[in-house]
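S.K.: Based on the provided sequences and hints, a complete structural model is requested.
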Amino acid sequence: MATLVDIKDLAIAYGKAPPVLAGFTAALERGSFTAVVGPSGVGKSTLLRVLSGLTAPAAGTVDMPMQPEKGRRPVALVFQEARLLPWRRVLENVSFGLEGTGLSKVERTARAQETLDLVGLGQMAGRWPHQLSGGQRQRINLARALSVRPDLLLLDEPFSALDAITRQSLQDELLRLWHETRTTMLFVTHDLDEAVYLADRVVLLGGKPAGIVRDFPVDLARPRERDTANFSDAVREIRAALSESVNDGAGI
Amino acid sequence: MHRTLLAALGLIAFVLLWEAAPRFGFVSPLFVPPPSGLPSAFLREIQAGYWVSAVLASLRHYALGLALGTGLGVALGIATALYDGLDAALSWVVRLLRPVPGLAWVPFAIVWFGISETAATFIIIIGVFWINFYAAYGAAKAVDKDLLEVADAFGHRGTLAKLFKIVLPGSTAGILAGARTGLGQAWMAVVAAELFGVPGLGQRMMQASSLLATEVVVVYMITIAALYGLTDALFVQLRDRLLRWQR
Ligand SMILES: Nc1ncnc2c1ncn2[C@@H]1O[C@H](COP(=O)(O)OP(=O)(O)OP(=O)(O)O)[C@@H](O)[C@H]1O
Ligand SMILES: [Mg+2]
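So the sequence lines, in the order shown, correspond to chains C and L. Here full-length UniProt numbering is used: position 198 in the first sequence is 198, and no number is missing along the way. Here full-length UniProt numbering is used: position 77 in the second sequence is 77, and no number is missing along the way.
Note that these hints are calculated values from the structure, not bench results. Glycine included, C-beta positions come from ideal geometry on N, C-alpha and C. Any given hint could be a false lead.
What the hints assert, rightly or not - Among chain C residues calculated to face chain L with C-beta under 7 Å, some are:
id : residue
1  : L54
2  : K70
3  : P74
4  : W87
5  : F96
6  : G97
Stated by the list, open to error - Here are some, though not all, of the chain C residues that point toward chain L, as calculated from beta-carbon distances under 10 Å:
id : residue
7  : S52
8  : P86
9  : A221
M.R.: Structure below.
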């Protein structure tokens, strides 16, 4: 498979503090689903912020195909909190990223409605964000990012604030969308079960500055069953590596 | 319903007390003109044509001064909130000008514009400018940084895009609260601005009080209160429409 994102020697520091990332190198295959796990504060969100252009790196390069295309943006980010604009109705929230991509208002509305249908909230188009449940808001957050048909979709613990049932249904929905769109996914989570359920590769970040401590391929057949021995083994293996890296970190 | 009833009772009690005080000789009717004398005073003012022309003239000053003062205050408040350089450059200018009361500008208004409608409008502009400036500045500064980041993440990086997509809608509630305060302030400023001889409600009040026609003064006080009540009620309608996205 072809490489979509090529990260070389990336360094990021906040102010005068020691760098969060330094010499960070990684590559993402086009169409892959990568989960990123690691202890709290290691730099997972920071990595996503750099890839989405919110934070400028101190050094290093991020290469990805960036030709501007009508009605598309190369990268989109799903925030941990929904961050919907309260003064826009659901439909206008979904079309937010489409503005300025060369689509007419009619085209934007059609695309937004289509994306809303995709996440199963087509009938909610005319509602205000405060009239939605937490799970519905998170779906809109997802739809807003999907509507720009990104090459790379970044997700920062998007389901962590939801109850188990809602989380699982959104995970299945995300997988369905991934199969349909073949968007490259980079999914940060602290839920290892979620990582193994979704991803075909789980990357464990650790250390200070952070690097890739372990890189686990997940070759379980899809659709995956959580209560199989193979699944639990995969989760257990990653959990062991994670606690090892946390203990190492504490020892420094 | 209960509240409406109490409000009506309170108002009736107030008017009764007001009527009783001069009627039973507690105070001279010159000091406290009884409400029963007001309708005839009102009719006389209308028949003489004073009332309508005073209301129209004042409304003109009011509308123009309010629109300009609010517009300038909001625009400068938001610009100052958006551009740190401007904020720094203006910080002491603002501290210098802010505490000057509107009335202190009257001599300058007369020197610059003569005794004219422009002078009256100028006083009203000053009267509402600062309220709107500070309301807009505060509201724009308080806009959720997380939402500004959403704009960045979805490619809306320019200042103008952020202004129209996030800052203005996000500070609407604060701006409108300031504008509403200004709405009342502007009526006070109208009277102050006309006291020095520009035709309008304030001038007519001045004339009546120099003739000791206190019941006419009260007619114009009530006129101003009614006009304020009307503009405020209309404004609240507009505000609720603009903010219908709030829970
Ligand atoms: N704006 C900031 N200013 C200064 N330091 C920051 C800032 N944002 C993050 N940091 C620091 O950078 C480090 C990495 O933060 P980051 O948010 O990327 O962690 P994370 O891996 O996403 O953690 P979590 O799992 O808790 O979300 C942390 O030590 C944090 O304290
Ligand atoms: Mg994080």
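S.K.: Now, for every hint given, state plainly whether the structure supports it.
M.R.: Hint-by-hint comparison with the structure:
1. L54: holds (6 Å)
2. K70: Where the cut-off is 7 Å and the nearest Cβ of chain L is about 13 Å from C/K70, the hint is violated.
3. P74: violated (10 Å)
4. W87: holds (4 Å)
5. F96: holds (6 Å)
6. G97: OK, holds: C/G97 within 7 Å of chain L, min 4 Å.
7. S52: Result: holds, 5 Å to nearest chain L Cβ.
8. P86: Holds, because the Cβ-Cβ distance from C/P86 to chain L comes to roughly 6 Å (cut-off 10 Å).
9. A221: violated (35 Å)
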